[in-house]
Amino acid sequence: MHIMEGYLPWQWCLVWFCVAIPFMYLGARKIIQIIREHPDQKILVALSGAFIFLLSSLKMPSVTGSSSHPTGTGLSVVLYGISCTAFLSTIVLIFQALLLAHGGLTTLGANCVSMGIIGPAVGLLVWMLLRKANASIPVSMFFTAAIADLMTYVVTAIELTVCYHSSGYVSAFVDFMTTYAVTQIPLSIIEGILFAMFAKYLLNSRPEVFKIAEDRQNVGLKKSGKEESA
Amino acid sequence: MKNRTIYVVGFAVIALLVVGALAYGAANGSEFGGSDDAGGDIIADENGGSYTPWTHGIWGGYELPSETESFLFALQAAIGAVIIGFFIGYTYARNKFRVGDKEEIAAEKSE
Chain A
1 MHIMEGYLPW
11 QWCLVWFCVA
21 IPFMYLGARK
31 IIQIIREHPD
41 QKILVALSGA
51 FIFLLSSLKM
61 PSVTGSSSHP
71 TGTGLSVVLY
81 GISCTAFLST
91 IVLIFQALLL
101 AHGGLTTLGA
111 NCVSMGIIGP
121 AVGLLVWMLL
131 RKANASIPVS
141 MFFTAAIADL
151 MTYVVTAIEL
161 TVCYHSSGYV
171 SAFVDFMTTY
181 AVTQIPLSII
191 EGILFAMFAK
201 YLLNSRPEVF
211 KIAEDRQNVG
221 LKKSGKEESA
Chain B
1001 MKNRTIYVVG
1011 FAVIALLVVG
1021 ALAYGAANGS
1031 EFGGSDDAGG
1041 DIIADENGGS
1051 YTPWTHGIWG
1061 GYELPSETES
1071 FLFALQAAIG
1081 AVIIGFFIGY
1091 TYARNKFRVG
1101 DKEEIAAEKS
1111 E
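Quick mapping for you: the protein sequence lines, in order, are chains A and B. Every letter in the first sequence is one number past the one before it in our numbering, and letter 157, counting from 1, is 157. With positions in the second sequence counted from 1, the corresponding number in our numbering is that position plus 1000.
It is worth saying that the hints were derived from the structure and are not from the lab. A hint or two may mislead.
Which chain A residues face chain B? A few, computed with CB under 10 angstroms, are given here [unchecked claim]:
#1 Met4
#2 Leu14
#3 Ala101
#4 Phe143
#5 Ala172
#6 Ile193
#7 Gln217
#8 Asn218
#9 Gly220
Note that beta-carbon positions come from the ideal geometry of N, C-alpha and C, so glycine has one too.
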């Protein structure tokens, strides 16, 4: 799923790095701050990263001659937001780029934008909309995880289409989507079910986790609202 | 619906989807080709027929033996699974001993 080393022109590598680095930096800072101020949250931060580690290692073959894997970013984006997810995804992407030749260091920025920023951001938007519509936490988590996963692949296809489109933008996008996104649909459903079950487990065993997360999201929204009105 | 029923049904659906996807893939001759390879072919097509990566990264052209690669993927999964397992065990113990504390306090009060 990740864009391989050397497969993006260096100019585009730079562009995607410029987009990703602020998120990585803010995420690292936010995680350090959370761990310092709330040491009891350390295990939940580790848990969010663990899901990305575990799920992005589970590869499945597909008929397009490719293989796909879930991304596991749904939980971390709901609990800690987009920047923390970007930072946690970067750790996994570096592990895979250095040790598994899956993805690459030059394409780290582009892969981080798809897997750690835009995919989870759309997932978070879905979470907020569903929670506003009074959907239950497990149902909201199902759609958040599934859509964050699917969007990761859609963004990867867009990143490649922007660079390579000799048959036209639409045709190139469809080609990349067939390789990356279509094989991803059953996997995103699996990921959604898994996260919905885990959300149910968290609701039973540590219900305060989602309360803290939603309070944090509301504070974030109010802050951005105030900045806009100022 | 009871929690246990939800977990059983959830894992059953996941198992069915995984087996279904693998069976469908086997029937259509799919392989673990790697989306990187398939992506590379399409990039070549969309780049006018050929594409040569401008870098091969810090390892150059060296490719890991498949056993080592599988081991490293398993290691990655294991790191994640160990932390998730630790969290579930920690939460279980935390809730159990909290209940125990409450019972002890109640017993002390009644005495």
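Hint by hint, here is what the structure shows:
1. Met4: holds, 4 angstroms
2. Leu14: Hint violated; A/Leu14 Cβ to chain B Cβ min 13 angstroms, cut 10 angstroms.
3. Ala101: holds, 7 angstroms
4. Phe143: violated, 15 angstroms
5. Ala172: Status holds, d = 5 angstroms.
6. Ile193: holds, 5 angstroms
7. Gln217: Given a least distance of 22 angstroms, the restraint on A/Gln217 is violated.
8. Asn218: violated, 25 angstroms
9. Gly220: violated, 25 angstroms
The structure fails hints 2, 4, 7, 8, 9 (numbered hints given earlier, in ascending order).
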